[in-house]
Amino acid sequence: MRLEFPVAGRDFQAAGGAAQKIKRTLRQIGIDAETARRVGIVAYEAEMNIVIHAFSGKVGVDILPERINVFAYDQGPGIADIDLAMQVGYSTAPEDIKEMGFGAGLGLPNMKRYSDNLVIESEVGCGTSIRAVINLPTKEGS
Amino acid sequence: MDRRVTVGDIAKELECEVVAGKSCLDNEVSFGYSSDLLSDVMAGAGPGDVWVTVQVHQNIIAVASLTGISAIIVAGGAAPADETVLRANEEGIPLLTTAKPSFEVAGRLYSMGIRGRVKT
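Chains as they are written, first to last, in this note's numbering: chain H, 1 to 142; chain R, 1001 to 1120.
Just chain R, same shape as in the assembly (with noise of 0.2 Å):
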């Protein structure tokens, strides 16, 4: 593809709901990555990748700073706790909500073009 898909061509195509990091929506995505496990998440995550989930509270933001991740899409209808919301605008992490379960999120992606990280 001519360039990079953006974290914003994510919420559209997917109709996400944008519920923190509203300026950070031109974070560009490198792979993709969906795990609940927060460990797993710090081992096999890598930066500018969009990382899917079913957790909600805070601490999905300290991993997702740490890792260097441009979004996370939290699945399945949960509803981010308001202080991962504050955490995620603090730390300018696009954070978006769908109904739409994990699975059908990560192939939505995948059909946008993004690709698993390889592990090294």
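The following block holds chain H by itself, in its conformation from the complex (with noise of 0.2 Å):
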């Protein structure tokens, strides 16, 4: 089963909406609490990262037997150094954005530590696409 989200680049209003469709669902599918919070976290950065740095992008999961598929990829600036990005605290956010609250350079961190696996591709002046595994909790509740 995929879900998948169109997200536009600078819409704060709708910013969030995708994430918390994802994990509403998940839930009422009966994915359990832990497992559909990391994966609205997930989701949520990904998300916020097209609504902060891209033009346009998608969103979206694949619920599988064992484990869920996050996935987003963009039409953006890209992301020059991948490495550098990952860093704790390192962000091109500009200023008014970080205002708000976001553009702590947490993003990626996060992503990485709410998911099993994180693989990163992104060229720059094209766009850039992520792909998060959630493994599910094993039937003797790991």
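Keep in mind the hints are simulated off the structure, nothing from the lab.
Heads up, none of these hints are tricks.
Below are the DSSO-like pairs computed for lysine-lysine, each with C-alpha atoms no more than 27 Å apart in a straight line:
#1 Lys1022/R x Lys1012/R
#2 Lys139/H x Lys112/H
#3 Lys21/H x Lys1022/R
#4 Lys98/H x Lys58/H
#5 Lys21/H x Lys98/H
#6 Lys1100/R x Lys98/H
Listed next, with one range per pair, are the computed distances between beta-carbon atoms:
#7 Asp83/H x Asp1026/R: 42 to 52 Å
#8 Arg1003/R x Pro6/H: 44 to 54 Å
#9 Ala1079/R x Leu84/H: 29 to 39 Å
#10 Glu1083/R x Pro6/H: 18 to 28 Å
#11 Arg24/H x Lys1022/R: 19 to 29 Å
#12 Gly89/H x Val1118/R: 16 to 26 Å
With the Cβ distance kept under 8 Å, some of the chain H side facing chain R (calculated, not the full set):
#13 Gln20
#14 Lys23
#15 Glu45
#16 Gly107
We put the beta carbon where it would ideally sit given N, CA and C, even for glycine.
With the hints as a guide, bring both chains together as one complex.
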């Protein structure tokens, strides 16, 4: 099952809405609260990165029996140095966005922290795509 | 203590104004978190927390909803935007306001027995 939502750059009105819908749907189909929370956080950070940095993009999830894949891709400026962008506190967000409490340089580190695997691919001047894997707990109750 | 502190207890004790989510004042509070950086809250706050911030724009509701926060206290006399109040009511997240600064709010919450969440 795939859920996919469009995300518009600079649309702070709708920002966070896709992640909320994803989390809500996961809970409705019986995914445990902690997994839904982790997916929600990863999807939120991916969505906010598109809102803050890109022109437009999409964020979504593929729900599989053993795991949930979060994906996001955008048309935007791309990331020149992914290792640098992964560092806590590093941000290229504009000042007005930072005043709103965004762009603290925590988004990508959060995505890494709350996922079991994170892959970022980016081309400067073109866009960025992100895939994150969140494994579902084993039946024994991990 | 015999029972968990509720959002209603906090509103009463700190003399906060409840500007949204009035039907959810029985929400129980687990821990407290104070931050104005949204991604920091996403990483550090957890289900049932009371969140103290000076941010007032509507995105705080998405953050609260995704982390499962039981109430937001807007400190320092800041007034939440109309859209924030609307979203808080839609999501059922109590939104409290107070003229007290964040430090004072956190201190009062601590006095009520609410502790910070220990990061794992």
